[in-house]
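For chain A, the structure is supplied; the task is to place chain B on it using the hints.
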Amino acid sequence: MNVTSSGTTGYKVLIAAAMASALLGACAVAPVEPSGAAEARAKLTRLQENPNLSGRAPAAIADAAAAVQLAEQPQADPALGEYRVYIAERKIDIASAQAQTRFLEDQRAALVAQRQNVRLDARTREADAAHAEAAAAHEDAAVANANAAVLAAQAAELQRQIQMLDLRVTQRGLVLTLGDVLFATARADLRSGGTAHLDKLVDFLNRYPDRTVRVEGYTDSVGSVAYNEDLSQRRADSVRGYLRSQGIDAGRLTAAGMGENDPVAGNDTASGRQQNRRVEIIISNPAVAALQ
Amino acid sequence: MKTIPSLLTSLLAIAASGTLLSACASDPPAPTAALDAARLAITTAERSEAGRYAAGDLAEARTRLSMADSAVAQKQMVQAERFANESRTDAELASATTAQTKAQAVNAEMQHSNGTLIEEIQRNDGVAQ
Chain A
1 MNVTSSGTTG YKVLIAAAMA SALLGACAVA PVEPSGAAEA RAKLTRLQEN PNLSGRAPAA
61 IADAAAAVQL AEQPQADPAL GEYRVYIAER KIDIASAQAQ TRFLEDQRAA LVAQRQNVRL
121 DARTREADAA HAEAAAAHED AAVANANAAV LAAQAAELQR QIQMLDLRVT QRGLVLTLGD
181 VLFATARADL RSGGTAHLDK LVDFLNRYPD RTVRVEGYTD SVGSVAYNED LSQRRADSVR
241 GYLRSQGIDA GRLTAAGMGE NDPVAGNDTA SGRQQNRRVE IIISNPAVAA LQ
Chain B
293 MKTIPSLLTS LLAIAASGTL LSACASDPPA PTAALDAARL AITTAERSEA GRYAAGDLAE
353 ARTRLSMADS AVAQKQMVQA ERFANESRTD AELASATTAQ TKAQAVNAEM QHSNGTLIEE
413 IQRNDGVAQ
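Protein chains in written order, with my numbering: chain A, 1 to 292; chain B, 293 to 421.
Source of the hints: derived by calculation from the structure; they are not laboratory data.
Note that beta-carbon positions come from the ideal geometry of N, C-alpha and C, so glycine has one too.
Covered stretches of chain B (chain A as the covering partner; in silico rule of three or more C-beta atoms under 8 Å from a C-beta of chain A):
hint	segment
1	378 to 391
2	394 to 400
The following residues of chain B were derived to be distant from chain A, with all beta-carbon distances above 12 Å:
hint	residue
3	T324
4	A325
5	D328
6	R339
7	G343
8	R344
9	D361
Chain A with its partners taken away, still in its complex shape (with noise of 0.2 Å):
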């Protein structure tokens, strides 16, 4: 019995030691770092050396440094480990969150900050758009004034020449009537000193040189209608011949006959007579009359 019981026992006791040495076995196999651990702790390393988080989210990421060191402990049990290393992963992501999250509402200051230095460099644009604007507006009165004063200046002088030249002012343009002083009866050569009015006339047209002239010589009744349209025809064509000798251009001279056409007095008296033998130099208007 003693044996056998004793053999019994040999028998118990190397099963409970086999079961005890397996159940030590699946509690506790040899402690490895579990995997995954490294890629959380290399994850947390770039957070804590990105200069823009590493400061904004302090606690969340001592936080996430505690649960990497945590899940960097060798562990003999796979899914403790594993759960360790995947509350870490989190941590990092929610610390990483919280810091771009603080980064982005720093950066908000700065826009607000480029919002209204955009608001007032447009403004002080626009004022000075405006102080340029009224500079110009100045400048165009002063110019204005300037022209109405040139203007008022070119009046005044044409003016004087017209008083000077004893100059009729018609529709026509600028009359210049010349008495028969200018020529001997019944001759077409100019006389010699009787130029001296028209040397005036030719000054006048250097001066103003977009006016033309058309040259008309008159007669008297006396003679046939013929004769004086040939007489008045000559004359004017002298008168302006001596305009041309004096270098006045011939394209704008003209000269016609009128014969004893629109006389200016009665031809029954001498005086009436002298007063018909003339020619007249009508001075055109310039395309923008400049008296007005």
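Just chain B, lined up with the frame of chain A:
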């Protein structure tokens, strides 16, 4: 003489294995605090519109919370606590991601409106000059 030490040895061995068993498969009470924390974190995330901005993490948090509840029902309290803690960090991550996404949207909108303002001013300058 031989039987007593044998019996002692076997008793010791059984006691040892019992101790080891109890150390390995503890049966603590339900992890109420961890479960409550997970539920609170999920509610907080939902209020911050995480369903719109971090739907994946929020869904993960809900899944793990229900896994934690199942583990409690099966008396696997250690597992239940781990699932609850995982659920909580998922929910907290959903909240953090939501806040970040919203902040990004606000900044992008400000950048866009600043850009529009600058363009508008440049266009006005172009007209004025």
